[in-house]
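Chemist: Keeping their order, the protein sequence lines are chains H and U. Everything in the first sequence is counted per our numbering, starting at 1 for the first residue and increasing by one. Everything in the second sequence is counted per our numbering, starting at 1001 for the first residue and increasing by one.
Everything labelled a hint here was simulated from the structure, so no lab data went into it. Among these hints, one or two may not hold up.
FRET-style restraints, in silico, Cβ to Cβ [unchecked claim]: (1) H:S251 with U:G1121: 35 to 41 Å; (2) H:P153 with U:V1064: 14 to 20 Å; (3) U:P1068 with H:D135: 57 to 63 Å; (4) U:S1016 with H:L101: 50 to 56 Å; (5) H:P248 with U:A1115: 21 to 27 Å; (6) U:C1206 with H:G143: 25 to 31 Å.
Quick reminder that beta carbons are idealized off the backbone N, C-alpha and C, glycines included.
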Amino acid sequence: MAGFRGIISVLSALGLWHLMSVLLGGQILPSPLSVGRDFILCLSQPYFYGHFLTSARRAAAGVAVGLLLATPLGWLMGSFKKLDLYLSPLLFMTYPVPKILFLPVLLVMLGLGEAPKVVLVAVTVGYQVLVVTRDSIINLEPGYVETFNGLWPGRRRKLRKGLALVRHVFWPASLPSAATALRLASGTAVSVLFMAESFATERGLGFFIVEAWGNLDLNRMFSGILAMGLLGGAFYVLANMAERKLCPWVSRKN
Amino acid sequence: MIMSGASVKVSGLAKSFGRGLILKDLDLNLKPGESLALVGASGCGKTTILKILAGLCPYDRGEVKLEPSDLVPSFVSQDLGLYPWKTVWENLELPLVLAGRDKKARNTKVKTIQADMGLEGLDGRYPHELSGGQKQRVALGRALIVNPSVLLLDEPFSALDALTRESLGLHLASLWSGLGLTMILATHSIEEAVFLGQTIAVLGGCPTEVTAVFRNPGPKTPAFLTDRLFLDLVRKVRLALAVTGGQKTETWEKSGRV
């Protein structure tokens, strides 16, 4: 039943697209059929694959770096009030700033290579994961830590206790929120990647789209947009799969 | 499962939160293997007493002594403290993991405690997939798995229906008498206090102190629940709570000392 509803939903969107294409004229908005034909044609070209893989690699690297840095920092900020007092004003002052504004700064600092694009995606994903992870620790039921203190044998070995607390309480407690943040961030990451790839580079789907736009090749432009959407969708699905694998108690509840 | 209880001695215990004095000059004295039920109104400090005994809450004045001192108390909180991300097996196993016990020893111990608590076949279930009684058994099992010297229970069966309460109360009583561990429980339920406590301490007043003490020599068997002695004690404890409104009185059969 869910699959049937999904098909209905996709077919409705395609129908609406087709209707708009007819109303606006194929020169402004190509029909889904012509874009589909061109997309299949693109899929057979190594040139297109190259752009797709470059974007996928940049997005994956950015998401991984953002996740690996932001998650432990979120635990630390959530766990240590003094550290949070110093870092949270900085976090919340910079959080509303659109991360794309960092692109010129990153280009000046890191050059025109891969680094600024990866860092931009990492910063975008990292901010969202950081805020959510920090909040999930701060809002953790106090009973969980108290129970842990009751179960911990003896009063010594503070470092081992801290590491065990992260492993058995903080890490699993923050996972569902981090997975949600990752799902949300996957869309944003692809958006900023498009911006980062739209200039000062000749590789990636962002460049592919802008190049096709410049050549007024709307079918190719839409093929690029479709590929970028699929990239974002793939990250969304991967985040979902990771959540199901890492948080089985959540998926079984739902 | 062989355990042995510790003696518990609390003298002159005082605790305040902010400017408000919650506990004042509280004395408790339990021999190894004894059980004590603390009964009193909400907010009178029952949980605070248990947390202090468990080493989870600092106190202002007085002395808390467990003998032998190397034995550990196990505390089961009112919300049970089961981790929703851990299965029944993982929740039971956690104290042993934290104590650094090897996998083989952990497996043996968890299987034994599962059998004792009637938790077989629930290994892979998460807490949200359990009934209230099953959750309670897991929490009790997790507390008992480390062979504690003192078992501290905060409102152990408060969230359960009457039948499950009674059946778990009987189970706990048989575990307690079989294991010989010292047990202190805080409860609102007068029947539960009278059934499980060899000593029942009524808490009241502001700051809280022991206002009346009753001894219960009866056996912890199902038949005792309908015994005249049990019903008489329930009536007396109820009266002690209701008439004084928690205020200390000189008319009770024992002084305010446990």
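Chemist: None of the hints should be skipped; say for each whether it holds.
Modeler: Evaluation of the provided hints:
no.: 1; hint: H:S251 with U:G1121: 35 to 41 Å; result: violated (22 Å)
no.: 2; hint: H:P153 with U:V1064: 14 to 20 Å; result: holds (19 Å)
no.: 3; hint: U:P1068 with H:D135: 57 to 63 Å; result: violated (44 Å)
no.: 4; hint: U:S1016 with H:L101: 50 to 56 Å; result: holds (52 Å)
no.: 5; hint: H:P248 with U:A1115: 21 to 27 Å; result: holds (26 Å)
no.: 6; hint: U:C1206 with H:G143: 25 to 31 Å; result: holds (26 Å)
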